[in-house]
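4 protein chains.
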Amino acid sequence: MRVTILVALVCIHAAAADAQTWNPPADSARCPSKWGAGDQRGAANHMKPDTVLRAARLIRTGQVFELGRRLEEGMPLQTTRTFELHTKRTAPLAGSNRRGSNEEIVLAEIGQVGTQFDTFAHQTIGDSLYNCFKLEEIATRNGFSKLGIENIGGLMTRGVLLDIAALKGVEMLPETYEITVADLQQALQRQQLTLQPGDAVILHTGWGRLWGKENDRYMRTNPGIDVAASEWLARQDPMLIGADTAPINVTPSPDSRLSNPVHQIALVVNGFFLLENLRLDELASQRAYEFALIVEPLKLVGATGSTVAPIAIR
Amino acid sequence: MRVTILVALVCIHAAAADAQTWNPPADSARCPSKWGAGDQRGAANHMKPDTVLRAARLIRTGQVFELGRRLEEGMPLQTTRTFELHTKRTAPLAGSNRRGSNEEIVLAEIGQVGTQFDTFAHQTIGDSLYNCFKLEEIATRNGFSKLGIENIGGLMTRGVLLDIAALKGVEMLPETYEITVADLQQALQRQQLTLQPGDAVILHTGWGRLWGKENDRYMRTNPGIDVAASEWLARQDPMLIGADTAPINVTPSPDSRLSNPVHQIALVVNGFFLLENLRLDELASQRAYEFALIVEPLKLVGATGSTVAPIAIR
Amino acid sequence: MRVTILVALVCIHAAAADAQTWNPPADSARCPSKWGAGDQRGAANHMKPDTVLRAARLIRTGQVFELGRRLEEGMPLQTTRTFELHTKRTAPLAGSNRRGSNEEIVLAEIGQVGTQFDTFAHQTIGDSLYNCFKLEEIATRNGFSKLGIENIGGLMTRGVLLDIAALKGVEMLPETYEITVADLQQALQRQQLTLQPGDAVILHTGWGRLWGKENDRYMRTNPGIDVAASEWLARQDPMLIGADTAPINVTPSPDSRLSNPVHQIALVVNGFFLLENLRLDELASQRAYEFALIVEPLKLVGATGSTVAPIAIR
Amino acid sequence: MRVTILVALVCIHAAAADAQTWNPPADSARCPSKWGAGDQRGAANHMKPDTVLRAARLIRTGQVFELGRRLEEGMPLQTTRTFELHTKRTAPLAGSNRRGSNEEIVLAEIGQVGTQFDTFAHQTIGDSLYNCFKLEEIATRNGFSKLGIENIGGLMTRGVLLDIAALKGVEMLPETYEITVADLQQALQRQQLTLQPGDAVILHTGWGRLWGKENDRYMRTNPGIDVAASEWLARQDPMLIGADTAPINVTPSPDSRLSNPVHQIALVVNGFFLLENLRLDELASQRAYEFALIVEPLKLVGATGSTVAPIAIR
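Protein chains in written order, with the numbering used here: chain A, 60 to 373; chain B, 60 to 373; chain C, 60 to 373; chain D, 60 to 373.
The set of hints was computed from the structure by calculation and includes no laboratory data. Some hints could be false.
Any copy will do: because identical chains look the same in the list, a pair fits if it lies in one copy or spans two.
[Unchecked claim] Listed next, the in silico SDA-like pairs over lysine to any residue satisfying Cα-Cα at most 20 Å (straight line):
1) K107 - L117
2) K93 - L247
3) K205 - E131
4) K205 - C191
5) K193 - T280
6) K193 - R148
7) K93 - E349
8) K93 - N274
9) K272 - L117
10) K193 - A85
11) K93 - D340
Computed from a predicted structure; not experimentally measured.
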């Protein structure tokens, strides 16, 4: 009997421990994607004329907000990433009109620096990607043969800013603050908005204030969502989640065993996009909570993402 | 007397010859720019709430046209330009969630390859640029300190497609055909449209059919506008001129002494932008002549331009 | 009975077929290397004072032969490899002495272009490298943590040119000619030389005549050694094998199932180096068969090889 | 009278001030070079069989000293210079022999990083280079059409280490210590050596101890020669001057108006080379004062220099 109780206690403990961590779903649980076997576009499939019209209707004043960061040498970069711009010599003057030409060579992980739009080639669960494409079958030295950013196209959709910092009455959430489902719901309530399928859900943490000022701190940790909130957001069927942080996920994850589960939940499991390093101070200070979001990823064939310069218009 | 006549004939001939070439205006004739001394944004100053609203009103069906070319190794490139994408090794799996990360290093004249948006740092008349900024004062090894693309911001304006190929009853204009002022006016008439200040004027030559198929030919020569038509267009006060060719200018210029005067007329003299290597086949075949054009140049600080993925929406 | 004979014939044929192909040896058959478990330097261990003195004694006239190719845009390159040199803008004149500085940015697989020295990180048998280091344990995004070129150091040793083209009475061996063990032995005999441990064995095929003239042909196929000759050479315990071809191995291998076995025999199994794309026309025409070879690989930490500019001196 | 004295005093002072600064010689005073009009190789013309033999005779024990620094991300770099090595994905296994291939893409000012060999395209006096080649006539976007490193070839010559640190009884000279002509002469005397035309003169300051340890400090200032000592060395007709510092010149120059005059005196005026960022600790500690120096610049067509991995052998 003692043995039985011991076993029971052990089992309960184990169950409790398991309940604390998150395990990526098995392939069979997530594939094929709801968009169909072989689909490479995930939530970009939300782009239909109605989506565009819905967003266009939100353009009432013509006010444009620039959400993209400047790409320059002093910007925060993940370790091992680079951004370099080398101005080439001016070409010799041509013609009787004495025309000189300038250009530059840029060397960068141009899919993954600055304000960036991540697509499905970017992340794996083990060797498996969105819609269960296999890494070794699609990765080459010069790009991914499936799931590259060129499949996405320009996106125009309704954007909703959830100002979590304002909800908490601060300018900047604490550095490892986990945004909860309750936070998201309260923000919606406070801002009198609801989410709709195909939305771009933009989270304002205030962490963006550190960009270009305290780059190491900006990159080292950050507030954000984790498993619960991102799974809840996934159930709202968004086109993308964006934030004024680099990894979107609270860093580090409260569960120290996990590495940025939000990236997997978004890009691998549910097939929607992440939009990182946004500049949201203006949107927040001007209480622009609902707007048309337009983002145009570069058509870098086989790339895992694109640096972008998105705009919000209301 | 014979001498006199001879001299007179020579003078008339010389005058005629002079009248056939184009000389860039002197600095005093073009500076300061109409937007003001020190202005760096030129026709981007047209971006006002009204411009956005005017464009938004043209979004009636939500139909989106992708105007950007795919960026890949087989695309046409000017000599000495490059585009390379190297997929990096997948990062070792991280966390109990076995998260793998992929990214790529891109090496390219990312301001001047593929579908590209040229800004004022790109061109000079001698050592002088738009608004008479001087090359040696603003060019550095790592970007231009003035007139870089980061000054422009996202653009949303009314776009007008002038289908010159259709006007001439062909799928593709002949390779060195010069589009005249009369052609532009007849196209507007045929399409029952007028130009307005701040418009994006998009010229369909049909030359884009060669992209990815006959790259050398695509790059070697092309139909397009020259001095007269671009000066006429400049007087319509556009935000930009775009086309489905690389240099916009008919190549070679009919005046063999000139090297792409349209680039100087647009970027140096009048301060509006050029949008090159557009994909216009769909817009043309679907007779989408009037639309909202949205283009988001990357904020590459100090760059002469940006590869872009613009969309047209109607 | 007929069945028995048939089976016997089939078995004999299969055995013969197996005997014609080459299978890389099992790890246990080649590891640890003769230089010791954990050794990363292979035949570079031959570099001892005696080796240097032996080579120095061959310097009798002071005549120097340049064996390295020019690195420039028109050179033959394997597909997906690149070489670009971009001259940067001259730095603004500094000081009262008006000093201007020039430099260039070079983008290249600088370990694997032009005249190149391959080291052990370059090749695998499956996931295993020289001395049974495992790929996943030593490969990172920014270099190999073991077996990188920085472990090698400058090499100065006796060089022996085996002029196989001259042996065959031609200027250039036929394009898929396999150099046999007999060829090597006859060349040594004809040239009255013997090989010694630690030698740099340089093979003149004449194929180098195509460099810069018929680059596609240079790269597509070439004469060279294959399994038998490289295994024989391996038994002579060389420091390296070099040739005036890109892959050293006859291309394609006579056994169509194999992909460049010489690379594995040299770099993975036996731990000596390969020196490719040498310029040997002068050495051959001047009958410089024995000389001091000096090669200085760049200390690119973690790289798989280095572009080099070796010299031969006699 | 007072006025006269004042004027005299002013004149004497001005003369004294002029005597303290250095002015680069006029073109007519230095061109054509002693090697002839149109010469591009300068002191590389010292490379003759006798030079090689003279150096070879110094190889008595076969001891090799590696003088090159490791090229890796943590090394000191001048601002705006870069060194990046990106390991590419392993190529899919090829053949029945399961051959995997690895390579890396390197992005760097490969002529001007790490242990580097500067040639004449690197420096100007105004718009004029060695042998009065003019910058605008020889500089292109993809290399210099004259004076590029490909003209130099491998160099093997007598090397002489002048241990100035030991002369002064220190491990490292003070950071802005100017090495004088007297220092050089006393070092030669102390070490019982004389200089010969065509020598590689290597200066040990001890500053190299900071490499990889205090990179900012290594780059910010350093001891070294200035005008007087370099002009004296120039009169000894060397092949090159090397040191364990980045700029060779004491930094800053004692004359605050000058910017690294040694670079101009060597590369522009006198046409000999500079070999920077050498690792000299071993040579110095082992008192290897006379040796064969062998340096093999990469044949980067049109480049201003080359990263190198030189060796000294005695």
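Status of each hint after checking the structure:
{"no.": "1", "hint": "K107 - L117", "in the structure": "both (16 Å within a copy, 17 Å between copies)"}
{"no.": "2", "hint": "K93 - L247", "in the structure": "neither (27 Å within a copy, 46 Å between copies)"}
{"no.": "3", "hint": "K205 - E131", "in the structure": "between (30 Å within a copy, 14 Å between copies)"}
{"no.": "4", "hint": "K205 - C191", "in the structure": "within (11 Å within a copy, 34 Å between copies)"}
{"no.": "5", "hint": "K193 - T280", "in the structure": "neither (31 Å within a copy, 34 Å between copies)"}
{"no.": "6", "hint": "K193 - R148", "in the structure": "between (44 Å within a copy, 15 Å between copies)"}
{"no.": "7", "hint": "K93 - E349", "in the structure": "neither (27 Å within a copy, 36 Å between copies)"}
{"no.": "8", "hint": "K93 - N274", "in the structure": "neither (39 Å within a copy, 39 Å between copies)"}
{"no.": "9", "hint": "K272 - L117", "in the structure": "neither (34 Å within a copy, 41 Å between copies)"}
{"no.": "10", "hint": "K193 - A85", "in the structure": "within (14 Å within a copy, 29 Å between copies)"}
{"no.": "11", "hint": "K93 - D340", "in the structure": "neither (35 Å within a copy, 32 Å between copies)"}
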